[in-house]
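Peer 1: Once you've looked at the hints, go ahead and assemble the two chains, each given alone in its own frame, into the complex.
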Amino acid sequence: MATLAHSLEPLQTLEGHTDRVWHLAWSPDGTSLASCSGDRTVRIWQQSRIEGRGWRCAAVLEDTHTKSIRCCCWSPGGTHLATASFDGTTAIWQLQGGIWEEISKLEGHENEVKAVAWSPCGNFLATCGRDKSVWFWERGLGDEYDCMDVKHGHSQDVKSIAWHPSRELLASCSYDNSIKLWANDEADWVCVQTLEGAAVGHSSTVWSVAFSRDGRKLASVSDDCTLRVWSVEWSEGCPPEPHCSLAACISGHHSRCIFTVDWSAQGLIATGDGANSIKLFGQPSLLETAAAAAAAAAAGSDPAANSSSGYIQQAADAAAEPGTPQPAGEQPAPAQQQNGELYDAAAAAAAAAAGDAAAAWECLCSVQQAHDADVNCVRWHPSRQGLLASAGDDGLVKLWQYKGLGQAAAQQ
Amino acid sequence: MDDLFDSAIELEQSHIQQGARDGKRDGMRTGLAEGRALGLQKGYEIGMEVGHYAGCVRMWRALQQQQPGSIPTKLERSIAAMEECLLQYPLYKPQDEELHELLEQLRGKYKTVLAGLGLSAADYGSSSSSSSSAAGGSGSGSSSGAAAASGGQQPVSLAF
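If you read the protein sequences in the order shown, they are chains A and B. Letter 235 of the first sequence, counting from 1, is numbered 235 in the UniProt record's numbering, and no numbers are missing. Letter 98 of the second sequence, counting from 1, is numbered 98 in the UniProt record's numbering, and no numbers are missing.
Possibly wrong hints are sitting among the right ones.
Just some of the chain B residues that point at chain A, by a computed CB distance under 7 Å [as the list claims (entries may be wrong)]:
| id | residue |
| --- | --- |
| 1 | R36 |
| 2 | E104 |
| 3 | R107 |
| 4 | G108 |
| 5 | T112 |
| 6 | A115 |
| 7 | G116 |
Far from chain B, by Cβ distances over 10 Å, these chain A residues were calculated [claimed, not checked]:
| id | residue |
| --- | --- |
| 8 | P10 |
| 9 | T79 |
| 10 | S133 |
| 11 | H152 |
| 12 | Y175 |
| 13 | S231 |
| 14 | C363 |
EDC-like cross-link-like pairs, simulated, lysine to aspartate or glutamate; straight-line CA separation at most 20 Å [unchecked claim]:
| id | chain 1 | residue 1 | chain 2 | residue 2 |
| --- | --- | --- | --- | --- |
| 15 | B | K42 | B | D96 |
| 16 | A | K105 | B | D123 |
| 17 | B | K74 | A | E138 |
| 18 | A | K403 | A | E288 |
| 19 | B | K74 | A | E107 |
| 20 | B | K42 | B | E98 |
| 21 | B | K42 | A | E144 |
| 22 | A | K105 | A | D146 |
| 23 | B | K74 | A | E288 |
| 24 | B | K74 | A | D185 |
| 25 | B | K93 | A | E241 |
| 26 | B | K74 | A | E186 |
| 27 | B | K42 | A | D146 |
Source of the hints: derived by calculation from the structure; they are not laboratory data. Where is the CB? At the ideal position from N, CA and C, for every residue including glycine.
So here's chain B without its partners, still in its complex pose (with noise of 0.2 Å):
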């Protein structure tokens, strides 16, 4: 009598594991799918961004050497202070806590910049400074909707 019963309640178990293991399966594969195009999608848009931040110190150290005074002295703290975050910027360690620090500081540093140079970030055809206010999930569209309406100035390309 206890084997009629069990093989039916373990029938409702089996199926319930059953269930468990399939929607665990299913999820993971989906899972790592959007994982995947999330990552790529917020990778490219750090990548942007530091990578703007890059080639706009090149461009001022370049006119500071062809052009001395050119930049005002007073800028030279906060240029410097960029090229160290550029240079400890973590692109290859996306696990990295200060990631997202990092970013900011780099951020803040590149308006002082432009500030002291009496340009504004639509001048300098920024690539995220702008969509930094736009909501966190409209990625991608954002940033190149920013790039497209600041004038359509070249980002630099550089070899990294």
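Next up, chain A with everything else stripped away, as it sits in the complex (with noise of 0.2 Å):
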């Protein structure tokens, strides 16, 4: 019953890369979507001022990496992208007069690096690649990022890496099997838990992980073909430490290694495989209370719903570090303005309120044929509810709109 109201639609088909496109990044403020390829570039896509006329590419950043570019990151307040490339260096590029220019070139790594990541309170980069370590820079004066530790835990090739949204901790995963979760103590980085063994951890290369908005939760998914979702608890103490422990493992809908994996706002995982296509997986019995809860609150003033979306509010400023740069205009939570962004934080606040780990997950609507190859990335927008980018080894990025449960009248 559930799963049928629920709808990927494609949007638009953004071409012009010239070879596979390995990943994704939204701009915090949701106006830019970069993607970057093996053709060595990172393309730019920006909404056309004109009504209608969808994603145009409005800049190309290349001539600076010698091989593919695996991974690229927006800085938290949107003014540096981060780039990693195969040829063992991370560029930082800078948006100056309309202009993207490197500014700077992070290296050490001895071969590819596989992914870069800005923590959210800008202070830090991680990256990761083949030579099996992890390393954290941390920003010096000027535009300057010293390397600050180099870690060696996993014992092989560390294909991916993701922060927590409002902590100084880190997740990585490797074709080891092993996902590991790094904290800074001073200023040195250590390995806080191993998530890895029979029926805990996965029995393959894991590709990618993934944290939820809220923090409480790390998805990954591996060449395994399974989706596993860990819940993410904080010890009394100071500094409190942090463990996870599997929450769920969601398989047999995958027949081939998932690659991608991404969390929305609304707690919906996309997920993306090597059969093709696109999955988007989620909590039906949460999806429903909370989409009775925001029906209840778009009809009339609901006390209940008021409150919720305060507790969001006041999560998502403590969640946000003194230190981080807002961008100017834009808040990163949602804003209580319409329907669909109220649902949203009603949607949050009844998952966070019901104690989600132990409701059931459900593959809501699956894509075959996304793309014409392998799904190298998904990524969810930041604030626009439902619009999903899409990245292939068919050198295409694509953009979807979902559509579900409450979602009949919201608009986009």
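Peer 2: In structure tokens form, the structure reads like this:
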């Protein structure tokens, strides 16, 4: 019953790259989409100001890397872009006067850099690569990034990394089938937990990890065709210590290696796999509760919904570190203005309140042949509900609109 | 009648037991020899790597004294951490649980310092930081190969 109401509609196909597109990143203010490719360039896509024209390529960043660009990441303030390349370097770009310029190059990895990620507070950059190490860089004076620490915990190629949205905690995943969690101990980074082993950890390469927007869950996808959801808990103490435990193992939906995973603001998980498909997962019981709450809130003045949106605003404020540079005039947290956005807040509040770990996960919808080849990356828009971007080995970037329960009336 | 059959069964049993004893004895002999060879190889590799880091730290300290300002101050923490690690390194306790973790820590700090100096491992004729990417089994062949491939810098000889 729930599955019938969910769909992923294609919106637009963005052409331009001349080789496989490896990775995507939405700018924090949601106005730009960066895509990076085996053609050694990054393309910045922006929505045309002319209504109905869709997204077009606004800039091409090239002539820096000598090999494929595997990953790109925006700084929290949206002013810089980091690109990680198979040539072993990570470049930092800055938008100055409408032009993207390379301002710094981080060297040190012995071979291909697989991922780069900016910490939400903006002070740290993490990279990982085929040399099995995770590097932590710290922002110094001006635009300099100094190497802080190099960690060799993984025994194989490290595929990807992801920062917790509000704490200094990094998750890394590897060809060695494990996920490691790294926390800051003064200026040293320490592996505080390794998620591995029979019945708990993945049984093959873990390709991607992603924290949920509220930081309470971690999703991981693997060559073993499973999607695992872990709950993230913090111990009492100073400083509080993190601990992850397996909350759900979702299997039987993918026939090939799952390459990418991303959480939406409402707690939906999108995955892309080697069978060219994009699948969406959610917890229908929680979604129904949230939809009901949203409908009640939209219908009239519902004190419960108002207080839950207040909760979300508080949580969002708490999540933003004191030093976070906010893009002028933009709020990363959903503002209570449209029906759709209010649904967002209510859904998140309902999920948080209901103790969502136990609710069953279902595949809400599946798009076969989303691309003509492997789907390398899926990314939800930071604020526009249901807008999803995907990148594939076919060299294309595609935009999709998710329509689900309680959204029949909500507009995009 | 019991005795007749018993001795026949026992003959089989005694052959089995004899075979087990022989196997154990021969196995221990070859096992010991193999273990010794492997231990020698691994010990050499670890010694090489730790010695390389010790030499680098000595060289950086000497450089700091002779040419103040040649080593950026931001690297002080990492170099000091390496010194700490080297002093504690259980070179003579092969069964120390922390043997490998400390080595990884040293490796990480070493790379941090090199990155801070704007250098790569190849510039320093690194002994084993690139052999860490080779399969565990290829041992001494890969480490000497790495040293040779990286430009033939003479490893610093230490009095330890």
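Peer 1: Could you let me know if the closest chain B CB is still more than 10 Å away from the CB of H152/A?
Peer 2: Given that some Cβ of chain B is not farther than 10 Å from that of H152/A, nearest at about 4 Å, it is violated.
Peer 1: Does K74/B pair with E138/A here, judged by a C-alpha cut-off of 20 Å?
Peer 2: holds, 11 Å
Peer 1: Check whether the Cα positions of K74/B and D185/A lie no farther apart than 20 Å.
Peer 2: holds, 17 Å
Peer 1: Can we trust that Y175/A is non-interface, i.e. its beta-carbon lies farther than 10 Å from all of chain B?
Peer 2: Y175/A is indeed farther than 10 Å from all Cβ atoms of chain B, at 12 Å.
Peer 1: Checking the smallest CB distance to chain B, is C363/A really beyond 10 Å?
Peer 2: For C363/A, whose nearest Cβ neighbour in chain B is about 38 Å away, the distance exceeds 10 Å, so it holds.
Peer 1: Given the hint that K105/A pairs with D146/A, test it: the Cα-Cα distance must not exceed 20 Å.
Peer 2: Holds, at roughly 11 Å.
Peer 1: Need the status of pair K42/B, E144/A: alpha-carbon distance at most 20 Å?
Peer 2: Answer violated: K42/B to E144/A is near 39 Å, above 20 Å.
Peer 1: Does the alpha-carbon distance linking K74/B and E186/A stay inside the 20 Å limit?
Peer 2: This hinted pair holds, its Cα atoms lying about 15 Å apart.
Peer 1: Run the distance test for K105/A versus D123/B: straight-line Cα separation, threshold 20 Å.
Peer 2: Satisfied, since the Cα-Cα distance of roughly 18 Å is no more than 20 Å.
Peer 1: Is K74/B close enough to E107/A, meaning Cα to Cα at most 20 Å?
Peer 2: holds, 17 Å
Peer 1: Taking the least C-beta to C-beta distance, is T112/B closer than 7 Å to chain A?
Peer 2: holds, 5 Å
Peer 1: With 10 Å as the threshold, tell me whether S133/A passes as away from chain B on beta-carbon distances.
Peer 2: violated, 7 Å
Hints 1, 10, 11, 21, 23, 25 and 27, counting from the list given before, are not met by this structure.
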